[in-house]
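Trainee: These protein sequence lines map, in sequence, to chains A and B. Quick note: the first sequence uses my numbering, first residue 1, plus one each step. Quick note: the second sequence uses my numbering, first residue 1, plus one each step.
Honestly, the hints are just simulated from the structure, not real lab data. Careful, some of the hints might be misleading.
[To be verified] With a Cα cut of at most 27 Å, we get these calculated DSSO-like pairs of lysine-lysine:
no., chain 1, residue 1, chain 2, residue 2
1, A, Lys100, B, Lys24
2, A, Lys100, A, Lys114
3, A, Lys53, A, Lys100
4, A, Lys53, A, Lys114
5, B, Lys51, B, Lys24
6, A, Lys53, B, Lys24
All of these numbers come straight from a predicted model, not from anything done at the bench.
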Amino acid sequence: MTLANHVDASLIENREHGLEEFHQEIMIMWSLRHPNIVQLVGYVESPPVIVSKLYDTDLFHLVHNNPDIFTDATVLSIAGQVARGMQVIHHSGVIHRDVKSPNVLVQYGNAPGKFTCAICDFGIARIIKAPKLANQKFYNVNGLSPRSASPEIIVGEIRRNSNDCFFVTQVHRPRGLCQVPREGFQLPASHRAEGGCVLVWHDPVRDPESQSSVG
Amino acid sequence: MILYEILNLSPPWGDDSAEAIEGKVRGNERPPLPDARDSPVRVLLRDLIVKTWDQNPSVRPEFEEIVLFLRPLEDFYLADT
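With the hints as extra help, turn the sequences into a complete structure.
Mentor: Below is the structure:
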C-alpha cells in the first residue's frame with residue numbers, strides 16, 4: 001500500500017487549529033472503518049502529520065480535469081459511495097461539517113469512470129452523540145481498539161510542541177512512498193513536485209488561545 | 001452539493017462571493033438546477049438534490065434514506081458495468 005501523509009487543509013487555513021483538533025481528527029479517523037472513508041494508517045505528533053493511503057486524485061480535480069467521464073453510471077456510483085461513507089460517519093455520531101468535492105479522494109479503478117471514492121478531512125468534524133468517543137481521553141485511545149496502531153503510538157506522550165510545522169500532502173499521481181517528514185524538516189511555502197505529491201509547509205502562529213479545547 | 005457538482009460539472013454558485021452566497025442561502029435561494037439531459041437518472045438525482053437542500057434541516061433525508069434511494073438505481077444502471 002502506498003502511503004500519503006497529510007494534514008487537512010483546514011489546519012493550514014485556520015490558524016486557530018491546534019493540537020487538540022489534530023488529536024480529535026485522529027480519534028475520529030481511528031473510529032471509522034469503511035471503504036468510502038479514508039483510513040488512518042498512523043500519525044506523527046511533531047510535526048503533526050496524518051498518514052493514510054495515497055489516493056490518485058480528488059473529486060474536485062476530477063470534475064475540472066476530466067468532465068467527460070461523468071456519465072450517468074459514474075455519477076450514480078460516486079453518489080452511492082459518498083452516501084454510504086456519510087451514512088457510516090453519521091451512524092458513528094460524527095458530523096463532518098465540511099463535505100465538499102476536494103474532500104472526496106479518488107482511487108482509479110481498472111476502467112475509465114470506475115473508481116473508489118473515500119471521504120477525508122475530519123479537521124473540523126464534531127463528535128455529537130457517541131458517549132464512548134466523546135468522553136475518551138486521547139491518551140486512552142487504546143479503548144477505541146485501533147487494531148493497527150503500534151504500542152508507541154498508543155502510549156505516545158502528548159507534547160505541546162511550540163515549533164510544529166504543518167504539512168499537507170495533496171494526492172496527485174503518486175510516484176512512490178511519501179516520506180514522513182522529520183522534526184525540523186522544512187520546505188518552501190508551497191512546493192509542487194511534478195508527478196509526485198504536493199507538500200505545503202506552514203509555520204503556524206502560536207496563539208495561546210489556540211491551545212484551548214474545542215467542544 | 002457534491003451531487004450538484006458532479007451533475008453540473010462546475011461548483012454551485014459560480015463566481016458569487018461568499019457574502020453573496022450567504023445572503024442568497026439565508027433568503028432560501030438555491031443555485032439553478034443542473035440540466036437533466038433527458039436522462040431518467042439525472043431527473044431522479046436532481047429531485048434528490050432538491051430534497052437534500054431543503055431550508056428545514058429536519059425534512060432533509062438522512063444518508064440512510066439516500067443510500068436506500070440510490071441502491072435500486074445503482075443495481076439497475078451499474079449491473080453491467
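Trainee: Next, verify each hint and record whether it holds.
Mentor: Evaluated hints:
1. Lys100/A with Lys24/B: Between Lys100/A and Lys24/B the Cα gap is close to 19 Å, so the pair holds against 27 Å.
2. Lys100/A with Lys114/A: Between Lys100/A and Lys114/A the Cα gap is close to 20 Å, so the pair holds against 27 Å.
3. Lys53/A with Lys100/A: Given pair Lys53/A, Lys100/A holds - Cα atoms ~20 Å apart, limit 27 Å.
4. Lys53/A with Lys114/A: holds (18 Å)
5. Lys51/B with Lys24/B: Roughly 18 Å between the alpha carbons, so the hint for Lys51/B and Lys24/B holds.
6. Lys53/A with Lys24/B: violated (38 Å)
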